[in-house]
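Asks: The primary structure of each chain is shown beneath.
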Amino acid sequence: MMSPATLTRRIAPALACVGLLMVWQVASLALKNDSFPTAIEAIRAIPDILGDKESLINILASLRRMAIGFGVAVLFSIPLGLLMGRSRAVAAFFNPLLMIIYPVPKAALMPIIMLWLGVGDVTKTLVIFLGVSLPVIYHSFEGAKAVEEKMLWSGAAMGLSPLQRLVRIVLPAALPEILTGCRTGLVLALITMITSEMIARQSGAGNILFNALDMGQYDTVFAMIIIVGAMGICLDALFDQVRARLVRWSEPQFDMPLSFS
Amino acid sequence: MKVVPSRSNEWVRSVTPPKPASAIIEIDRVSQVFQTSARKHHLALSEISLTIEEGAFVSILGPSGCGKSTLLYIVGGFVSPTSGAARIKGQAITRPGPDRGPVFQEFALFPWKTVLGNVMYGPLQQGVRASEADAQSRALIEMVGLKGYENFYPKELSGGMKQRVALARTLAYHPEVLLMDEPFGALDAHTRTRLQNDLLNIWERDRKTVLFVTHSVDEAVFLSDKVVMMSKSPGRIRQVIDIDLPRPRRRNELLLDPRYQKYVVDIERMFDESDKAGSPS
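These protein sequence lines map, in sequence, to chains Y and Z. If you read the first sequence in the numbering used here, its first letter stands for residue 1, the second for the next number, and so on. If you read the second sequence in the numbering used here, its first letter stands for residue 1001, the second for the next number, and so on.
Calculated directly from the structure, the hints in this document are not laboratory data. Note that this is a predicted model, so its numbers are computed, not measured. One thing to keep in mind: the hints can contain errors.
Stated by the list, open to error - Across the chosen pairs, the derived CB separations fall in these ranges: (1) Z:Thr1036 with Y:Trp116: 48 to 56 Å; (2) Z:Ser1233 with Y:Pro96: 57 to 65 Å; (3) Y:Leu60 with Z:Asp1188: 56 to 64 Å; (4) Y:Arg248 with Z:Gly1065: 39 to 47 Å.
What the hints assert, rightly or not - Stretches of chain Y that chain Z covers, calculated by requiring three or more beta carbons in the stretch to come under 8 Å of a beta carbon on chain Z: (5) 122-134; (6) 143-153; (7) 157-166.
Every residue, glycine too, gets a C-beta built ideally from N, C-alpha and C.
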């Protein structure tokens, strides 16, 4: 039997979604605007999109670019962030560069990258890479900086070399923080994926959305927004499952010390 | 199974006749200067010289800020002295090594490893076979009184238990010298007493050399063969006192022993005098 508290917690997200859709429905009925379909109209358009082979291929192409951009960014950013966190020289070199890149909207770089690399997959994947890299570097950096000096000394006394200490002590110790960065990176990957397809229209989920907008198919536009939102929720939930498994040792449910000296 | 230390100098030592109470660590005119700001320097340690004999339990006792931990870190190879040198068995100490095992006040356990994983870490790093490391580590965990907790994570343990794990983890790779940096400083009084007793029991079995940093007079007298009293600003050795009390030591007997009481009172008085005589800072 689930306690009332657990039950409430379980159904709360569903309630939030239903509530949002209801507000949407009422608002669109009240406004009676052609470019603002009701929630029900938008939901009805979803099966048409997902049932269309062309659209599915587009969405899968988007997801593939996102996966590659995210994956490469993580593989590049974690080692860089960890090195920055443990070496003042490396941090002093890269920090100003990152400070310059950080506030620039990555999509604003797209026109230039398109000139160099064309409008294909490489450009869009590169923009996703840039979007994901910064939060992952930043969180890896902070995580590595916070690793207790004495933990590294303990490792050094056991005979671990500096590189072994980085891989076998700093990396696992900073993992909870690194994964927080990856989670932010995942959301940014989704955002940059859509914006990149908005600027370089050729294929992808963003392409479907903005084509429909051009043609005045507003129910399709809103259906795509729902689909992208659902993708975000699913990816985030999936990531959190993986994260929870990797850093079980740092989870708060373990935060109950036993009474025993 | 008997644990054989695989030290390469074991053979050399058997050729030269073993001298009783030979020096294992020599600290030779070590000074440490810290730069506190662009122009200010702080002399943390001033010309410290000290010899520690093999198998001795030596405490470094002093007020906070006297550089006693820094001295331990220099012996550990974690910090390089500004001038002077520390040596272990005649070899200059330039970096940390498995011959010197630290135990820190902060425990510094690997939180992503279980109790067993933490204790096995050193032996595995030293190339001990996994099955052997496992068996040795389980025996050590039992010795420090944590049998049954092998698969717990550090976060699930109390402070005293964590320090037991840290001790087992360090003993697991057979260091010749234990470097203990206020190991019981973060524990409550009751836990602290229990750990002192247990540490003595473990130590009295194999008599490893121990360098033990503390600011507690009782603790230093109870545990040590020798107490090195330090004064601060700059950190200097004030006096070295031999603690001539019988072993094995039992707390309930010792606390009633007038000789123990006299050591404690004398040392406390010496610290009081140096406080009064000290600069008005």
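Asks: Does each hint fit the structure? Answer for all of them.
Replies: Okay, the hints, checked on the actual structure:
The given range of 48 to 56 Å is respected by threonine 1036 of chain Z and tryptophan 116 of chain Y, whose C-beta atoms sit roughly 51 Å from each other. Restraint check, serine 1233 of chain Z to proline 96 of chain Y: a C-beta distance of roughly 40 Å breaks the suggested window 57 to 65 Å. As the Cβ distance of leucine 60 of chain Y to aspartate 1188 of chain Z is approximately 60 Å, the hint placing it in 56 to 64 Å holds. Our hint of 39 to 47 Å for arginine 248 of chain Y and glycine 1065 of chain Z holds, since their Cβ atoms are close to 40 Å apart.
Against chain Z, the region 122-134 of chain Y contributes 0 residues with a C-beta closer than 8 Å to a partner C-beta. That does not satisfy the three-residue criterion, and the hint is violated. Judged by the Cβ-Cβ criterion of 8 Å, the region 143-153 of chain Y is covered by chain Z as claimed, because 4 of its residues qualify and three suffice. Counting residues of the region 157-166 of chain Y whose beta carbon lies closer than 8 Å to any beta carbon of chain Z gives 4, which meets the minimum of three for the stated coverage.
Hints 2, 5, counting from the list given before, are not met by this structure.
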